[in-house]
Amino acid sequence: NAGVMQNPRHLVRRRGQEARLRCSPMKGHSHVYWYRQLPEEGLKFMVYLQKENIIDESGMPKERFSAEFPKEGPSILRIQQVVRGDSAAYFCASSPPDRVREKLFFGSGTQLSVL
Amino acid sequence: AQSVAQPEDQVNVAEGNPLTVKCTYSVSGNPYLFWYVQYPNRGLQFLLKYITGDNLVKGSYGFEAEFNKSQTSFHLKKPSALVSDSALYFCAVRDYTGAGSYQLTFGKGTKLSVIP
Numbered sequence: 001n002a003g004v005m006q007n008p009r010h011l012v013r014r015r016g017q018e019a020r021l022r023c024s025p026m027k028g029h030s031h032v033y034w035y036r037q038l039p040e041e042g043l044k045f046m047v048y049l050q051k052e053n054i055i056d057e058s059g060m061p062k063e064r065f066s067a068e069f070p071k072e073g074p075s076i077l078r079i080q081q082v083v084r085g086d087s088a089a090y091f092c093a094s095s096p097p098d099r100v101r102e103k104l105f106f107g108s109g110t111q112l113s114v115l
Numbered sequence: 001a002q003s004v005a006q007p008e009d010q011v012n013v014a015e016g017n018p019l020t021v022k023c024t025y026s027v028s029g030n031p032y033l034f035w036y037v038q039y040p041n042r043g044l045q046f047l048l049k050y051i052t053g054d055n056l057v058k059g060s061y062g063f064e065a066e067f068n069k070s071q072t073s074f075h076l077k078k079p080s081a082l083v084s085d086s087a088l089y090f091c092a093v094r095d096y097t098g099a100g101s102y103q104l105t106f107g108k109g110t111k112l113s114v115i116p
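Chains as they are written, first to last, in our numbering: chain A, 1 to 115; chain B, 1 to 116.
Next up, chain A with everything else stripped away, as it sits in the complex:
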């Protein structure tokens, strides 16, 4: 049973470009969470999605950031017009539908570098 898969592992973008980060949850998991980790800081919650629904996006910046989890395919975190401050590690996690309040399974993350 493959774990949570994130790609790419490293993504380099120039200021103003778009970044797309992908996350495939573990098999059987229909709940996806995105977290951002800045240097010397812990993980900050961004968004929680179920298939085709955004449940909680209270941690998402109001502009330029969006997330989706379509019926088919991976979850996508999209950052438009990236700025240097967006440089961070972005982690995706998943959980099964009947244990949403218990442990999360994390991917290895995408390191976004904005030049």
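Hint data in this document are derived by calculation from the structure and do not stem from the laboratory. Treat the hints with caution; some may be incorrect.
Short derived list, chain A residues pointing at chain B, Cβ under 7 Å [stated by the list, open to error]: (1) Phe45; (2) Lys103; (3) Gly107.
Here a beta-carbon is modelled for each residue, glycine too, at the ideal position from N, C-alpha and C.
Following the hints, put chain B in place on chain A, whose structure we already have.
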């Protein structure tokens, strides 16, 4: 609002000695508490959790944690440290009120270095 504090940025311990990584939390309802470990360039790995029941929780790799409601603490412990335990450790809390907050709030992490 829920929050987690890890008062130590770094903990150094000699191999074979006991280790403690401290965590205190704040929630308005009942807490679900977790410890995760992060190795360099890797995602977080689950170590252990407290939901209900015994205050002493045993987890992976010989780690354990003690839930103390009066002190709102959930310190991570191991009787004998290994060099391979060197990593970044995160405490996390989720407020279980029944209506449900799905956010897992993390502390800033504590870097554990085990010295041979």
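Against the structure, the hints come out as follows:
{"no.": "1", "hint": "Phe45", "in the structure": "5 Å, holds"}
{"no.": "2", "hint": "Lys103", "in the structure": "5 Å, holds"}
{"no.": "3", "hint": "Gly107", "in the structure": "5 Å, holds"}
Hint check: no violations occur; every hint is consistent with the structure.
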